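Chains as they are written, first to last, in the working numbering: chain A, 1 to 115; chain B, 116 to 276.
Treat the hints with care, since some could be wrong.
Here are the simulated distance ranges between beta carbons [unchecked claim]:
| hint | chain 1 | residue 1 | chain 2 | residue 2 | range |
| --- | --- | --- | --- | --- | --- |
| 1 | B | S126 | A | D16 | 18 to 28 Å |
| 2 | B | K244 | A | Q44 | 26 to 36 Å |
| 3 | B | T167 | A | R56 | 26 to 36 Å |
| 4 | B | K244 | A | A46 | 17 to 27 Å |
| 5 | A | A27 | B | S242 | 21 to 31 Å |
| 6 | B | A200 | A | G101 | 25 to 35 Å |
| 7 | B | R154 | A | A110 | 13 to 23 Å |
| 8 | B | A200 | A | A110 | 27 to 37 Å |
| 9 | A | S43 | B | P201 | 53 to 63 Å |
Covered stretches of chain A, going by a simulated chain B footprint (3 or more residues, C-beta under 8 Å) [unchecked claim]:
| hint | stretch |
| --- | --- |
| 10 | 11-21 |
| 11 | 96-102 |
When the alpha-carbon atoms are kept at most 25 Å apart in a straight line, the in silico DMTMM-like pairs for lysine to aspartate or glutamate are as follows [unchecked claim]:
| hint | chain 1 | residue 1 | chain 2 | residue 2 |
| --- | --- | --- | --- | --- |
| 12 | B | K137 | A | E105 |
| 13 | B | K232 | B | E198 |
| 14 | B | K137 | A | D100 |
| 15 | B | K244 | A | E41 |
| 16 | B | K232 | A | D100 |
| 17 | B | K183 | A | D100 |
| 18 | A | K28 | B | E245 |
Honestly, the hints are just simulated from the structure, not real lab data. Predicted model only: the values in this text are computed from it and were never measured. Note that the Cβ used here is the ideal one computed from N, Cα and C, for glycine as well.
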Amino acid sequence: MIPSERLDATFLALADPTRRAILARLAKGQASVAELAAPFEMSQPAVSKHLKILERAGLVSQGRQATSRPRRIEAAPLAEASEWLERYREFWDASFTRLDGLLAELQSPASETKN
Amino acid sequence: MSAPLSITMPSDREILITRDFKAPRDLVFACWTQPPLVRRWLTGPDGWEFTTCEIDLKVGGRYRFVWKNLDGVSMGMGGTYTEIAPADRLVSTELFDEDWTGGETVSTVDFVEEGGKTRTLNRVVYSSKEARDGALKTGMAEGMEAGYRRLDQMFAERVAG
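Given these sequences and hints, build the entire structure.
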């Protein structure tokens, strides 16, 4: 996936409250599908569907133990998503400061439009 | 002394961003709506280029902003103006190309002048509580709040200097 597609997948995965709750649970340690389904009033297949979306986004990976196949949280895509948001924040940060400068310039005695 | 930037959540679908500028509101409104002026400040962080700034300032008119960085990464957004009261209020829809807000948001910017200063109140309404929380829980709120604190600090330093 190209970076913007990966971000789309990450944000799509994070857009759902159940998937965020699954991630929050996995942040505490790996868990099987049955363990993940327990707190939700949801069938294991329904939870598996959410896990598939999280796995596609690279946010969750499967362990190798044959039967339970515990799921683990993957940190890198989340870090990438927050990096993107950091860039967004920096964007507004710099923009507002520039607007201060522009307004000061437009009101300076040298400006012919406004005093 | 100008009031610090603030971000609040007046309801479960909204974010309110408030900021003071040392200028009369007709000037602040112009900087928000006239492409030659918008191009001067909405340019993004260092290394980003404001490649597209199109504004059709009429009700039903569209705007389109695109920025690119040196790596060729582009970020675009656009929408439609739904209410225009010059120097007083600007209402528009907003949608980022990377739709991380869970659908279109509606932005209402009020320009309130007092004592030669203008307070801008930007109310962003999300399509649902889930959409707003989805954007917030991924770290936007924390990031924005940190940004505003940094900006406050910069203003304080500028005033002190």
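Violated hints, by number in ascending order, as checked against the structure
Hint check: nothing fails, all pass.
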